[in-house]
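Protein chains: 4
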Amino acid sequence: MLTSAILGASGYSGAELMRILLRSADVQVTAALAGKSAGERVDTLYPDLAGRIDLVFEPLELERIPRVDLAFLALPSGEAMSIIPHVRARAARIIDLSGDFRLPDAALYQRYYKHAHAAPSLLGKAVYGLPELNREQIAQSDFVANPGCYPTGAILALLPALKQGIVDPQGIVVNSLSGVSGAGRSSSVELSFTEVNENIRAYKVGNHQHIPEMEYVLGTATGSDVTLTFIPHLVPINRGIYTTISARLQHAITQEEILDLYRTAYRDAPFVRIKPGTPEIRSVLRTNYCDIGMAVEHRTGRLTVMSVIDNMVKGAAGQAVQNMNIMFGFPEVRSLL
Amino acid sequence: MLTSAILGASGYSGAELMRILLRSADVQVTAALAGKSAGERVDTLYPDLAGRIDLVFEPLELERIPRVDLAFLALPSGEAMSIIPHVRARAARIIDLSGDFRLPDAALYQRYYKHAHAAPSLLGKAVYGLPELNREQIAQSDFVANPGCYPTGAILALLPALKQGIVDPQGIVVNSLSGVSGAGRSSSVELSFTEVNENIRAYKVGNHQHIPEMEYVLGTATGSDVTLTFIPHLVPINRGIYTTISARLQHAITQEEILDLYRTAYRDAPFVRIKPGTPEIRSVLRTNYCDIGMAVEHRTGRLTVMSVIDNMVKGAAGQAVQNMNIMFGFPEVRSLL
Amino acid sequence: MLTSAILGASGYSGAELMRILLRSADVQVTAALAGKSAGERVDTLYPDLAGRIDLVFEPLELERIPRVDLAFLALPSGEAMSIIPHVRARAARIIDLSGDFRLPDAALYQRYYKHAHAAPSLLGKAVYGLPELNREQIAQSDFVANPGCYPTGAILALLPALKQGIVDPQGIVVNSLSGVSGAGRSSSVELSFTEVNENIRAYKVGNHQHIPEMEYVLGTATGSDVTLTFIPHLVPINRGIYTTISARLQHAITQEEILDLYRTAYRDAPFVRIKPGTPEIRSVLRTNYCDIGMAVEHRTGRLTVMSVIDNMVKGAAGQAVQNMNIMFGFPEVRSLL
Amino acid sequence: MLTSAILGASGYSGAELMRILLRSADVQVTAALAGKSAGERVDTLYPDLAGRIDLVFEPLELERIPRVDLAFLALPSGEAMSIIPHVRARAARIIDLSGDFRLPDAALYQRYYKHAHAAPSLLGKAVYGLPELNREQIAQSDFVANPGCYPTGAILALLPALKQGIVDPQGIVVNSLSGVSGAGRSSSVELSFTEVNENIRAYKVGNHQHIPEMEYVLGTATGSDVTLTFIPHLVPINRGIYTTISARLQHAITQEEILDLYRTAYRDAPFVRIKPGTPEIRSVLRTNYCDIGMAVEHRTGRLTVMSVIDNMVKGAAGQAVQNMNIMFGFPEVRSLL
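Quick note, the sequences are listed as chains A, B, C and D, same order. Counting in the working numbering, the first sequence runs from 881 upward without gaps. Counting in the working numbering, the second sequence runs from 881 upward without gaps. Counting in the working numbering, the third sequence runs from 881 upward without gaps. Counting in the working numbering, the fourth sequence runs from 881 upward without gaps.
Just chain A, with the same shape it has in the complex:
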């Protein structure tokens, strides 16, 4: 049985990782390291885990990082970059759930994450862990950068159409609606129940840190210069991201042709389901699926693509386990169905 450690285990992604790995017969969580909650029992913070996990959060100190087969970093973006050299010295393989190693260029971190990169020499070393795009490279890698939640939904929705040149890579409009867990375990007034419930608001319009991730990954994968407008919204649900994309068609295509194209593109992807109608958040909640629907609009010459994921699963912990399965040669769906 593999040994694993979770660094940043007290946040929502870390807890979700523990929940998923409880189902695993292959991997054991040896240590759960956390900043603020060190010393507290895991099941005090997450009472649903009572009777199922017998761990205490250990301090997130460099000397506490255990020697393990696999380290998951579930730290906030900006914190993983300083600690990662130490983790690499102790863990045979790393899956980093933060955004710290997804972009190729330190300047983008300065611009979108608003701080300098602490380990620029490691940029470009991690494989971008979207299995539907990079399955082969992930299998060979010992360092995987797990995709962001918004990019997972947007990239999966756009890849087939962009790869085939069906839509214009310029001027794409991406609207996403996110559940509140995407903001993490938070004590801000803005995320208190009374401020979020019965409310919706857009935020970070045009400057969200996931914009360069989407554009870079899509651009690299399709060999074109992709620019998109990204407008995230906070909606009063716990989990889930609904992404609705509008792009200009470059070729006439029928609804059935585009559905077939997507079905073919994801034929071997066990977690992507192509829907004849519009997808719904509830179909993917607490699963690792990404459901995708689409609508050709001849009148305006545009394509609408909609995707749904659970931001905590396919958008974070589930995708990390999917990557783990690929890295260690397990069946891709193990512990995830």
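One or more of the hints may lead you astray.
Each pair may be met inside one copy or between any two copies, as identical chains are not told apart.
Taking lysine to any residue and the SDA-like style, the derived pairs with C-alpha atoms no more than 20 Å apart in a straight line are [said to hold, decoys possible]: (1) Lys1005 x Arg1214; (2) Lys1155 x Asn1087; (3) Lys1155 x Asp923; (4) Lys1084 x Arg1179; (5) Lys1005 x Ser962; (6) Lys916 x Ser1068; (7) Lys1005 x Gly1051.
In case anyone wonders, no lab produced these hints; they're calculated from the structure.
The hints should help you fit chains B, C and D onto chain A, whose structure is shown.
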């Protein structure tokens, strides 16, 4: 004191009209006619009105339509068109909250509402009741077609930029997120709590009946051929519509310039508030306000405009009362603050 | 026009007071004092008030307390007691929304509020501001202690049955379900959306600070020794308190008799509505009403009484305005319908 | 591998059974029979099951009932009673999720379910399937009546205290707060999103059909005459039941003693967790756990016990699988963790 009747009073819009008119010292609701609930007390169906309103729903029969100064039609689209000739014979003025007289052309009803128009000779007779666009004509009219909920939010968000030629009238992308009351008082499984809560879904992508209303009103008002992609979504809130629009900029413009342009355009509109940041649903709940925010994105050459309304108030009953105020020469904000 | 000041105006109760007083032609809010938000515009913190109120929060400093006809104290319990002597020197009349002057005995503050009382000499000086119980004394008073939210719902539900000796004053069981705004504007993780949504939890079982308020007020009003078990629960709604009470019947009584008894008891109370069936939260949302329903259970010899209020209105700001109306001789319902 | 059929598979309990059994290596769902949805694919009605289950709902006709090792009846109460003789002829073992065979006496069906019993000769033949109470008898049985959702939470919360004579079996007050899925897949206006969201209401006070089930099972198990007042409430959450019980203490007992008593009582129950504080719904969502907390109140001489379950899992489908495990000799927790 004016006398008024509400036809279709048992639905959510009719009930909201009664709530608002309770605050009025100018207008009295003389009769509440309804189909299914005839014979039932209004405060049995809407217990919040207990002790405040002493009416029984009367049958929605032609001979029951009373002679009044003003008739509000709060019937489903498709039902107002048959009854309206009879209402015109009894009521001095009419405000129709249905979609039946908003479009200029019977063919559009066939295409988008999926049925023939029963009173095509009356098409074009009603003034489109968006006060921020047609205040003068409303004041002169005895027949007002109250705008749809989605068009209210979208048109108010687009008018200034389109009128000034700031954005391309082609290829506009309109994403709207609607509270569930927009679907009316419903007994469908799809709108039951467990199917809607913790869920989001897009619907009627590219074929919603509000598309021709938006395009026609915007096209007429700006003298250009407007085409837009409209994607409505159902989100788990009771009230409110969040509309996020992306359009291609035709001129370079700064964030401050566009804000000023909108502030100037709505200088005399008491219910439109221009926001420096992104608007929020909760700011307009149970009010007649439309809050609008915007973001210029130089990198992509696009403008994002966001608007929020309460679909039951500015999107239906409140706007109807605003129109009533204008038609009868009352201050525009009366009973609405 | 009366002048008034709100001390603690930045919290939810203070904001709700401002919303209600905007409708008043009798009273003007001259100053809004607040601790943390001093210097900020009121409509920045509460954007729904944009265009309606043109105040900046002033610092909550003793020398800033203006000379006014009426001061509302909307401070957290424990903060009003130190400041009140200074307020009494400047304001002709005071309505205190905190719990600081509701109990007769400093020892109860130590026990339930966990701190000493800073102004014990003022205990007993304030009239308990439940108009349905103390209308005459409120009219004569210059210092009113506005009731707590839970006590308002529980006392109104119990008073008639206890006064008539219908139920045993011992062993009463009070279950309350509260919306989250009852906890105030909060930045705690426990009140964040993801922790509260799709969740319910009881809290402070047997030691909530509203227990002595309920027992003291009911005991004094009925001349009996009242003891009750109080179990508050947090439920995922913004506003509203549902209180369900079970008490042992001391006399045989029919459902119709008990309904009549309640109807008679509240004949002159414009904000209490007796319901033949079970009440619902939504009937009283954003209103000053308290709806009460009841069920006699012969099989077990027990009476169930259920009441609903909006905790921000009848449970706080609305009741404060109702008290203001009584204190200044205005019609009791003014600004509240 | 065992074969099984689900009769009434299109409702929420039937769907939840399919979800749980997908994880099983022991049992296969051979047939899913349903009334209204016959002919429809299972994953059309429940799109979360797409790619996971390849069944079409078959008509719920007697001749369609397959010969299987185990039949689950997930039909509404009142429908199972007529069909069960036919099921007994085809299925080696039966687990009935309806209420039709939980009570010992046809008169109680007439009184609480409002209809005559169609198979009175079978009353008393089924073992009441609460494993924590009847594990041995379940293991021997071929006909198990799966407990109701409310009774599961209430009985587990009361059993230890009643068995030990700690609390008075008379005058117990049971308040339950239920998620909306408890009402099943429904098309009633009362259960539509806008009527339930931001609302709470009690219903069936004193006459809910689960009252005799609670009293009978508790009375039989403890050898005393148990009477209780039961007040169910509908709250705006999808899943979960919060039950808060108040009972009169018959003996002095400390908080630690009562906690120990409960811990001992459930020592061998893998799905009951005793909590030192108050339990929360979210801890048990989508699990088969029942979490129980309690509070001794010396001042009033009363005990408060609180329990939480997921009504679809421990309150229905999960408990059915737990019973299946016991009946077939599988580990009790299989497919349920």
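Verification of the hints:
no.	hint	result
1	Lys1005 x Arg1214	neither (27 Å within a copy, 42 Å between copies)
2	Lys1155 x Asn1087	between (31 Å within a copy, 18 Å between copies)
3	Lys1155 x Asp923	between (38 Å within a copy, 11 Å between copies)
4	Lys1084 x Arg1179	between (32 Å within a copy, 15 Å between copies)
5	Lys1005 x Ser962	within (15 Å within a copy, 61 Å between copies)
6	Lys916 x Ser1068	both (16 Å within a copy, 15 Å between copies)
7	Lys1005 x Gly1051	neither (30 Å within a copy, 40 Å between copies)
When the structure is compared with the earlier hints, violations turn up for hints 1, 7 and for no others.
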